[in-house]
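**Student:** The residues making up each chain are set out below.
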Amino acid sequence: MNIARFTKTAALAAVGVMALAACSDGGSNDASSDSTSAANIDCASGTLSSEGSSAQGNAMTEWIKQYQLACPDATVNYNPTGSGAGIEQFLADQVDFAGSDSALDTDDGEVADAKERCDGNEAWNLPMVVGPVAVAYNVEGLDNLVLNADVTADIFSGKIKKWNDPAIAALNSGTDLPDEPITVFYRSDESGTTQNFTQYLQAAAPDKWTEEPSKSWTGTGEGKEKSAGVQEATIQNENSITYVEWSYARDGGLGIAQIDNGSGPVELNGDTAGKTLDASKIVGSGNNLEMEIDYATTEPGAYPIVLVTYEIACSKGLAENEAAQVKSFLTYTASDDGQSVLNDLGYAPLPPEVAGKVQAAVADLS
Amino acid sequence: MTAFYPPDSEDTLVKKTSRGRFGDRAIAFFASASGVAVIATVLLVGLFLLWRAIPSILQDQVPFLTSREWNVNNPDDLRFGIVDLLWTTVLSSVMAMVLAVPVAIGIAIYITQYAPRRIARPIASAVDLLAAVPSIVYGLWGIQVLAPAIEPFGDWLSENLGWIPLFAPGLTSAGTVYSIGVVLAIMILPIITAISREVFDQTPLLHKEAALALGATHWEMVRTTVLPFGRPGVISASMLGLGRALGETMAVVIILSKPAPGSDFSASIFAGGETFASKIANNAAEFDSPEKTGAYIAAGLVLFVLTFIVNAIARWIISRRKEFTE
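Protein sequences appear in the order of chains A and B.
Quick note: the first sequence uses the numbering used here, first residue 1, plus one each step.
Quick note: the second sequence uses the numbering used here, first residue 1001, plus one each step.
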């Protein structure tokens, strides 16, 4: 009798597993498959391993797919475990390059450790993926919300509590704002997105946002886990607002606020995000392209809340075949072909001037 | 259902299955090795937690057990305390127990004492199947389907009984201890039901027949024979369930909202929070310094000790009860 029962249970379980497998297949196949960028890649063979920032995870997945299509002898792995873990693994000689939301830190000794890891050579921070952060909201009937840095800071620190607050109304004349409390959702995990968003608030609204920017949230609201968590919570709860990577806001069908940087409202798209990068300066020397984003830019048409993520690689000092692989892969990601696949994924391509410098730096890797 | 052996037949059974000295020794060795291995595993986990946690706890700038602060980004100025985590963990698990244990006992009694066999078996299988659902599925189902469905009752509670601190109004979203408590209750239901069912089934037929012969009704028979006989088993089962609820990670991470940093302490089930396990899981990707990792492992250590204490209490209750009934 036990066998009969077991068979029944097993059959039910098997059906359940198949149904789940069928569901999970749907999500991953929607990335652009018609892209024909495979032709120009200068291939290297072997296995390349990398790890780091989850903010560039989707870009890496697409790049790896395209690269491996063109280079059947190459295998590239990217493990999106977070910037901290990526740098740690890179310094411990476990991965060939790291992806990170911030450049190597001199004060923490990361720069010195990286030099040791690269056999006495410098490690370079190469900006590769530009990820705009959207201020995303869910308010019925509100299509074009305009915010500026001061008002955004007040909303996310809890000083503005209602949607029809005069400060919001002043930026959105002629729009019907509901008399409802604002629910703020924030990232409860430590994240580069939080750090970037608070860096923006502090730089562009220094009087309103007085907390030190950090990876853990210091404002008001209810915390949800990871980008998917805040996205889901904002979709479910009306009259809520959050900050989240552009792709999540767009795929979730949320409203995306236009940011008035002082020269008029700016919609979020690849061009407007790229403009902020154009207006920012490179603080690294030579081929070390560490960037300092000018969040307080008043450049007309520049969307100021952008996250730049880097690939961190040894300039020299890797074994010959490893170096060739890193160079080959990064040459592709920095190329116009590589950057052009990003727009569909919710990232902005590097503006031409920065892209040129990154391409030159990658060419110098040896 | 299962054949009932009178106590004395057990000895003959053991003798029949023993096959000479080699088999005896091999089994004895295997069994004791397994026993030693499990103790060694627990000890090693405990040692690992202590070894990683103590350096960070020594550097902690605030009282570890009583502080509500959690800021571990600066390795030179570690500030972390676990009182909020402890409260949320205990509150959500206790709520799950309050909901799950009576229902589990009810199901187990129904299956073993009331239901006809052809109904009992499908019900038992269905409850067992609940245990096979991955916790991430519970999490997603909980936040998307269950939490919105039970929110109206929660709102009613906090509107009408909000003066009780436990029901004070809290979050706007459904990511509350109230939601996760119900989800955890469903998750631990199969564990408690399965074990309770087995022990109720073992109630000696003679006891039951004696009760009925003395004129007891069906319910009186259950109350005077099945329940007392099964009590130690039900307690063990509940403790296993409680262990699962205390340590549950994925579903909690998905459902529970974290309140705004620096907000006042709320004892309410309608507030959010973080449990030990969800806090560690949520931040595991950003463990970038040994001091920081140590702080989270220290939280894990408290959970370990908490589970240990709960189990010790359960053992003690069971041993006391046993002396009573025998």
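Check each hint, because a few of them may be wrong.
Said to hold, decoys possible - Now the stretches of chain B that chain A is said to cover, found in silico as 3 or more residues with beta-carbon under 8 Å:
1. 1106 to 1120
2. 1246 to 1257
3. 1279 to 1286
It is worth saying that the hints were derived from the structure and are not from the lab.
Keep in mind that this is a model prediction, so the values were computed, not measured.
Glycine residues also receive a C-beta, built at the ideal position from the N, C-alpha and C atoms.
**Student:** Evaluate each hint against the coordinates.
**Tutor:** Status of the hints after comparison with the structure:
no., hint, verdict
1, 1106 to 1120, "violated (count 0)"
2, 1246 to 1257, "holds (count 3)"
3, 1279 to 1286, "holds (count 4)"
Of the numbered hints given earlier, the model fails hint 1 alone.
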